[in-house]
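Visitor: Take the sequences, apply the hints, and build the full model.
Take the sequence shown: its letters are residues -21 to -1, 1 to 141, numbered as in mature numbering (1 follows the signal peptide of the UniProt record, and there is no 0).
Since the hints were made in silico from the structure, they are not lab data.
Worth double-checking, as some hints may not be accurate.
Unchecked claim - With beta-carbon atoms standing in for the labels, derived distance ranges:
{"id": "1", "residue 1": "Ser98", "residue 2": "His59", "range": "30 to 38 Å"}
{"id": "2", "residue 1": "Pro126", "residue 2": "Asp80", "range": "19 to 27 Å"}
{"id": "3", "residue 1": "Ser98", "residue 2": "Pro70", "range": "28 to 36 Å"}
{"id": "4", "residue 1": "Asp55", "residue 2": "Ala91", "range": "30 to 38 Å"}
{"id": "5", "residue 1": "Pro70", "residue 2": "Glu92", "range": "26 to 34 Å"}
{"id": "6", "residue 1": "Lys73", "residue 2": "Glu138", "range": "12 to 20 Å"}
Because the structure is a prediction, the values reported are computed rather than measured.
For every residue, glycine included, the Cβ atom is placed at its ideal position computed from N, Cα and C.
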Amino acid sequence: MFPSTHVLVAIAATILCLVYSPHLHKTETYVKLHALDTTAPFTPLGHLCSAHRLLSNLQAATPDLTPTLFDVLNLDPFSHPFFPASDCAYPHSKNHDEARDRTMAAWEAISAEDNGWTSDWRDAVAVVAATLLDDTARTVYLREVLPKIQKTGWRDVCENGG
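Guide: As structure tokens, this is what we get:
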């Protein structure tokens, strides 16, 4: 018996995030030089913008009003364990493990629902979860992207650099 498509996509997205792991690049220099590059698909901001583009392609509403990645998983980025971002940024941060556990639990809960979603939506949720499980991508999202999204929308951040 073969795993379902959304499980395979989730595994692939997780592997992609792990290949570009923050454990390999967790210096401030890396973040300053690479994390906010919207043109390269394997950077943290590249992951984030790809996830937002995927969501906007699936949503019938105005693309700039696409929900945040946290909204998709019914998580609140402004409460514990995600706030402040520095407390869940990297493995030895105070709330790191709890932030990852909550993200996984939210992903599992949404994946377990029989809500009639298409496989495209299940795949999008898997990409969102895998992106938020990437420590550097999550930190960049909380610190740099989310505040700008609230002011100008995700398109301005991803296409014009904020």
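Visitor: Each hint should be assessed against the structure and marked as holding or not.
Guide: Right, here's what the structure says about each hint:
no.	hint	in the structure
1	Ser98 <-> His59: 30 to 38 Å	holds, 33 Å
2	Pro126 <-> Asp80: 19 to 27 Å	holds, 25 Å
3	Ser98 <-> Pro70: 28 to 36 Å	holds, 33 Å
4	Asp55 <-> Ala91: 30 to 38 Å	violated, 21 Å
5	Pro70 <-> Glu92: 26 to 34 Å	holds, 30 Å
6	Lys73 <-> Glu138: 12 to 20 Å	violated, 35 Å
In the structure shown, a violation is registered for the earlier hints numbered 4, 6, in ascending order.
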